[in-house]
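One-letter residues, chain by chain:
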Amino acid sequence: MNYEQLLIELISNDNRYFVMTAENRAAMRGITNQIKNNFIDTGITEQTMIGMAAGLALRGRVPIVHALATFLTMRAFEFIRTDVGIPNLPVKIMGSVAGFLSEANGPTHQAIEDVSIMRGIPNMNVFCPADLQDFNLGIKKVLQHDNPFYIRYLNLPNVVEHSEFEIGKAEVFGNGKDIAILVYGMLFTQAFKVKEILEKKGYSVRLLNLRTLKPIDETEILKTVNECKLIVTIEDHFITGGLYSILAELLLRNKKTTEVLPIALMNKWFKPALLNDVLEYEGFTANKLAIKIENYFEEKNF
Amino acid sequence: MSKKNSEEFAKKIRLKTIEMVYKAKASHVGGALSMVDILAALYSGILKYNPRKPKWNERDRFLLSKGHACTSLYATLALSGFFDVAELDNYAKDGSIFLSHASHKIQGVELSTGSLGHALPVGCGLALAAKRKNEKHRIFILLSDGELDEGSNWEAILFAPKHNLDNLTIIIDYNKIQSLGNVKDVLDLEPLSGKLKAFNWQTIEIDGHNHEQIFNALSTLPKQKGIPTAIIAHTIKGKGVDFMESKLLWHYKSPNDEDFRNAIKQIE
Ligand SMILES: Cc1ncc(C[n+]2csc(CCOP(=O)(O)OP(=O)(O)O)c2C)c(N)n1
Ligand SMILES: [Mg+2]
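Residue numbers (the working numbering), protein chains in the order written: chain A, 1 to 302; chain B, 1 to 268.
Same shape as in the complex, but just chain A:
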């Protein structure tokens, strides 16, 4: 099922769903007429749209709001925090072209701090699916959830069959004991290939597709930390406030430490280019990631 079909199905079964966009219709272009009683394009008004979504939610609607992830999470930040977060309203915030998916645009369009700022809001949850199939498996539960959610929307094809989805549960591949890779969002696809490459070289690897970064699957991560020599976090996000920070907070909370290799964007925006070239430049192709991880692992002499 594609996203447009999903919206139609949701709305025809439950009139509470209300689709909103700030002049970004990429995700629902074909169905705006069909859902017109449950749809509004507010114009290029990200912050006001969030305010309006809060108003609609106060009247029992479940707004699903759309815009580019940067403008949505950053222009509208205080509206999200104050009007959606404080009253804990079920507004679902769909940020498109987050992370490396912002192709060929400059820093103005790159959302690589979105996870950090969204998860910092009390009551807010964060869902970062790996690909379209993962998105489809999770989205209904996310939309039906009583609390607000930020979603890194994407529609990339899957390279692997995903398993059933549960909010707050990671999807685990393998039970390797040398290296554990923690990943979310579109980089899952690369990470999955990394696992294959490293396994061919004789390493024992496991991979966690985290799916929701908030709530985070603390149990599974602690188990992984206890069982594996090296933990690698991979994210198309600034090093600050994303998965690496989540892991650090989690370890400290449990009075633990371990060997961690964080792979993230270090204090600078990424080079604007098409996706495959970005992955090359920034060192996030499966091959480059695998080399980096292998070198690190070997240096450590476990």
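By construction, these hints were calculated from the structure, which means they are not laboratory data. Virtual Cβ for every residue (Gly too), placed ideally from N, Cα, C. Check before you lean on any hint, since a few could be wrong.
To be verified - List time: in silico DSS-like cross-link candidates among lysine-lysine, alpha-carbon distance up to 27 angstroms:
1) A:Lys268 to B:Lys93
2) B:Lys105 to A:Lys271
3) A:Lys229 to A:Lys201
4) B:Lys253 to A:Lys271
5) B:Lys184 to A:Lys271
6) B:Lys105 to A:Lys268
7) A:Lys36 to B:Lys184
Said to hold, decoys possible - So, partial list: chain A residues that the calculated Cβ filter (under 8 angstroms) puts toward chain B:
8) Thr70
9) Ala104
10) Thr108
11) Glu218
12) Lys271
Fit chain B with the ligands to the supplied structure of chain A, relying on the hints for placement.
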């Protein structure tokens, strides 16, 4: 420079803009073309600048708020001598500083833009700074019409007259089309001139492709001492290429080989 020269200049900017968009398979050609005549006038007699000293303190500051349409600005800057025209070939290439949205890393670009609704607030700050230091340079902000949906603009529009920022001029590229529809259908701005007047701005309406009108409006600033000026430039999105003119499609579409040839033929 004369009106005739600036018309010639506009033609060169249009040709270069289309070539850049075509070669890079880029977007936003419609919005880049609608503002060309304004850019041509600004850079051929209105703005005070020195391409060899782009950071010269006494220069007038020009900020392009609609950073998505930066191709024609890049072309204008190159043709005005800020950098080599050949550098435009790097536009939107992997790893180039010529990003598909205006980047301050390029000589002559004052502010990285692309997120709509930023340049006017920043412009108010520049204008305020100049006033407080008693500096004589001026601030020009080019905004698009769909961009006026953003509330940040209206906060700045309230601010500027209150603080007598008559060194600030906004030019609105009123091409009547935004990303997905007509401005009047998405969020109608009308009466735009009435709104700006009600916010205490001096307001002029011109044909944004008529160089004489553009020059007249821009060479008699401020229109009234102590008050910022808003120039509403009525324009045509895609101006200069008949099949692009006023067509929503060309907000985003990139010209193919045939489109490119036809476009060049028309402008030449
Ligand atoms: C804050 C923000 N929201 C959304 C966008 C996406 N966007 C880029 S161009 C555009 C429409 C621009 O239309 P208009 O302002 O009329 O510009 P022009 O017609 O001059 O190209 C939109 C919505 C953006 N760049 N910034
Ligand atoms: Mg417009």
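Hints and how they fare:
Simply put, A:Lys268 and B:Lys93 have alpha-carbon atoms about 19 angstroms apart, close enough for the 27 angstroms limit, and the pair holds. Restraint check for B:Lys105 and A:Lys271: satisfied, since their Cα atoms lie roughly 13 angstroms apart, inside the 27 angstroms limit. Our distance criterion of 27 angstroms between C-alpha atoms is met by A:Lys229 and A:Lys201, whose separation comes to about 17 angstroms. The hinted pair formed by B:Lys253 and A:Lys271 meets the criterion: a straight-line CA distance of about 24 angstroms does not exceed 27 angstroms.
Proximity of B:Lys184 to A:Lys271 is assessed by CA-CA distance (about 37 angstroms); at most 27 angstroms being required, the pair is judged violated. A hinted pair counts as satisfied when its Cα atoms are at most 27 angstroms apart, and B:Lys105 with A:Lys268 qualifies at roughly 15 angstroms. Restraint check for A:Lys36 and B:Lys184: satisfied, since their Cα atoms lie roughly 19 angstroms apart, inside the 27 angstroms limit. For A:Thr70, the interface hint holds, the least distance from its beta-carbon to any beta-carbon of chain B being 7 angstroms, beneath 8 angstroms.
For A:Ala104, the interface hint holds, since its Cβ comes within 8 angstroms of a Cβ in chain B; the closest pair sits about 5 angstroms apart. With a least beta-carbon distance of about 4 angstroms to chain B, the hint placing A:Thr108 at the interface is held under the 8 angstroms criterion. Given hint, A:Glu218 at the interface with chain B, is violated; its Cβ is 36 angstroms from that chain's nearest Cβ, farther than 8 angstroms. Look at A:Lys271: its Cβ gets to within about 5 angstroms of chain B, closer than 8 angstroms, so that hint holds up.
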